[in-house]
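S.K.: Here the structure of chain A is known, so what remains is to put chain B in place on it, guided by the hints.
Line by line, the protein sequences give chains A and B. Sequential numbering from 1 applies to the first sequence in our numbering. Sequential numbering from 1 applies to the second sequence in our numbering.
Rather than coming from a laboratory, the hints here were simulated on the basis of the structure. Just so you know, nobody snuck in bad clues.
Lysine to aspartate or glutamate pairs mimicking DMTMM-like chemistry, simulated, CA-CA at most 25 Å apart: (1) B:Lys-46 with A:Glu-402; (2) A:Lys-437 with B:Glu-148; (3) B:Lys-207 with A:Glu-87.
If you're wondering where the values come from, they're calculated on a predicted model, not measured in any experiment.
Residues per chain are reported as follows:
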Amino acid sequence: MAMTAIPGLKRLWRGVHVPEFKDATNRLPIRRMPFPPMLIVPLSQHAGAPAVVIVREGQEVVRGEPIARAGGFVSVPMHSPATGRIERIGLAPTARGPLAPAIYVKPYAAASQEVLYGEPQDIENMTPEQIVKAVQETGVVGLGGAAFPTHVKLKVPEGKTIDTVVVNGCECEPYLTTDHRVMVEHPGEVLHGARIAMKAVGAARAVVGVEDNKMDAVEALRRANTDSSGISIEAVPAKYPQGAEKLLVKVLLGREIPSGGLPADVGLAVFNVATLAQIGDLLPRRQGLIERVVTISGPGVSRPGNYLMALGTPLGFALEQAGCSAAAASVILGGPMMGAAAASLDVPVTKGVTGIVVFTHQAANGNARIFPCIHCAECVNVCPLHLNPSRLGMLARKGRYEEMEATLHLNDCFECGCCSYVCPSHIPLVQYFRVAKQMNRERKART
Amino acid sequence: MTEFLIACGVMAAIGVILAAVLAYADKKLYVYEDPRIDEVEALLPKANCGACGCAGCRAFAEKVVKGEIAPGKCTVNSEEGIQAIAALMNVETGAEEKRVARLACAGGNHVARRRASYEGLLSCRAAALVSGGGKLCAWGCLGLGDCESVCTFGAIRMDEHGLPVVSEARCTACGDCVAVCPKELFTLHPVSHRLWVACRNLLEGDKAEADCEVACTGCGRCAADAPAGLIQIVEHLAVIDYSRNAVATPAPAERCPTGAIVWIDEKAGPLKGPDAKVITRKTPLPVEPAGLAMAGKDRS
Chain A
1 MAMTAIPGLK
11 RLWRGVHVPE
21 FKDATNRLPI
31 RRMPFPPMLI
41 VPLSQHAGAP
51 AVVIVREGQE
61 VVRGEPIARA
71 GGFVSVPMHS
81 PATGRIERIG
91 LAPTARGPLA
101 PAIYVKPYAA
111 ASQEVLYGEP
121 QDIENMTPEQ
131 IVKAVQETGV
141 VGLGGAAFPT
151 HVKLKVPEGK
161 TIDTVVVNGC
171 ECEPYLTTDH
181 RVMVEHPGEV
191 LHGARIAMKA
201 VGAARAVVGV
211 EDNKMDAVEA
221 LRRANTDSSG
231 ISIEAVPAKY
241 PQGAEKLLVK
251 VLLGREIPSG
261 GLPADVGLAV
271 FNVATLAQIG
281 DLLPRRQGLI
291 ERVVTISGPG
301 VSRPGNYLMA
311 LGTPLGFALE
321 QAGCSAAAAS
331 VILGGPMMGA
341 AAASLDVPVT
351 KGVTGIVVFT
361 HQAANGNARI
371 FPCIHCAECV
381 NVCPLHLNPS
391 RLGMLARKGR
401 YEEMEATLHL
411 NDCFECGCCS
421 YVCPSHIPLV
431 QYFRVAKQMN
441 RERKART
Chain B
1 MTEFLIACGV
11 MAAIGVILAA
21 VLAYADKKLY
31 VYEDPRIDEV
41 EALLPKANCG
51 ACGCAGCRAF
61 AEKVVKGEIA
71 PGKCTVNSEE
81 GIQAIAALMN
91 VETGAEEKRV
101 ARLACAGGNH
111 VARRRASYEG
121 LLSCRAAALV
131 SGGGKLCAWG
141 CLGLGDCESV
151 CTFGAIRMDE
161 HGLPVVSEAR
171 CTACGDCVAV
181 CPKELFTLHP
191 VSHRLWVACR
201 NLLEGDKAEA
211 DCEVACTGCG
221 RCAADAPAGL
231 IQIVEHLAVI
241 DYSRNAVATP
251 APAERCPTGA
261 IVWIDEKAGP
271 LKGPDAKVIT
281 RKTPLPVEPA
291 GLAMAGKDRS
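With the rest of the complex left out, here is chain A:
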């Protein structure tokens, strides 16, 4: 703790400096996108149990009306993103690959984007349990990409106390500027959401961590942070992958989340700024999460920007609006470091999609030849979790997946991609690790 008090030492020592490419969109205000001809709302847009349909085909729904209820505690309801008709309930393509059940909503031609559903509620006098329940009703999940239901994080595990709420405004992925724009344009909602989270977890203070390449966001938050409610805004030197909660917590507070542990183990709760902005906005009005800000950027897009789009908008429609160029070759959901390529443009935008990055053939470079490992240890130097990606990669090639987990802490890897990024032999290390983790999960499920 003493060391982190020295100026300049509060930074991420490992990781990589990736070119940011944020200039294309970081000054563009958030714009609304029109409704597509058909909205596809998958029932499983979050980590946890899928939602359960509560509407039938042909039913008319109002923008913001619940159309599926939570399928358990670790689950959230879904709300209709537009006023229209339930066209059908059936399989739809997902970003993960397999077809999954979804609700098709056909918006009415004259449907406006005004949300009519919902009623104001008094959140000042709510107990923490009531806040948890109310947040679940809004359907808000972690909007930073992981899509973990937020109310689960607001419920303090038994035997744990939380003293600080950490608000994650790093957004270290290249191209993405959604959190940036939310902080600049809606600092009041972010801080309001932070106060609600502080109340729910019983924390006395909150720290907003923003990378120093977004000083306008820091300024906006500081200007809005007028009352003495224990929220401080801190700028940290920009470096990838600082937005990972384990690393941000270490940088901001000097606390280390144990391997396999949660922030609650060290008295913290971490939330993304966009998540808190949605809570601060939706909770007092008792509305559901029906839209989110998505950055559409990359060399394959002619009108990049930060678009507020209805959840369920198919990628194809979104790219048409943003002007997809003829040279476009690959579409990445999320940022280019951790995001996954989409194999179909019928995949809808879900709660966890932070950005859509379109590359052209020259930029994608997916078929680089793989050379043998030369043991240069570049990957070891950049791994933010002090793993040994080189050795893990060699074991993965041999299919020794159990050993990777047992002796080399495979499960601590959060797939930030730094090792693959610096590897001079172009070894797809993260792909190996993803396969290894899945094989281990399947083997455990079998036994």
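M.R.: Then chain B, alone, in the frame of chain A:
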């Protein structure tokens, strides 16, 4: 000279003491092991494949000697080997019907459409984690050959259309391919299960056929032609009830319009019915990034 004698004496004494300890331990810690276990093990193929359900050939040999398992349960072993073990142990061979891995997909790259081209680690497992791979059919074989590389018996080879072909003669039903396939297309079946649905696509008729020319469209002709109860259409897919396999004939495959349902002949391999559409294309279908190309054209 005395030092030399003392040294020799001490060494000899230590030798005698240690020899005594070893002799005692040999008697005290002796574990009786049936010598027949070694003999049986010598007659096994030593593939340690686990197809019998035991943890390796040694464990199988122990069970055989204890009489808990019949020698014939080792499907990898040759006929002579099984009979030699049975003669040695004086038990029935307990013939186990040979099982083989069967692939529930016929969508090679000349018939199954692709929605995207996958770039990256050339492994089905890795491809399946990137948006499910490039195939339009979400259930279909990705064709990157994880099963071929995992098969220790060389029973699987990828054909010219990127589809694994299982050699019935070489397959030992060890189940490695079953575990490695990310789309779970392999299942182990007794060789007598010859009527086979080579498709897993759950979409309805036209949509399934738009994914792949040899998809099961769920038209129901096979169910109508089969003895009652043998084939059912579940979620637009023909499903064979193998508990009634005894009444199965090649007849249900005859009117299949796409050739998704086949009769697997021991020699000739999968045989389609005469009504199945004839696939003459040999070259892979091009990737159809329907949406992306369209969106690009609109702007240019």
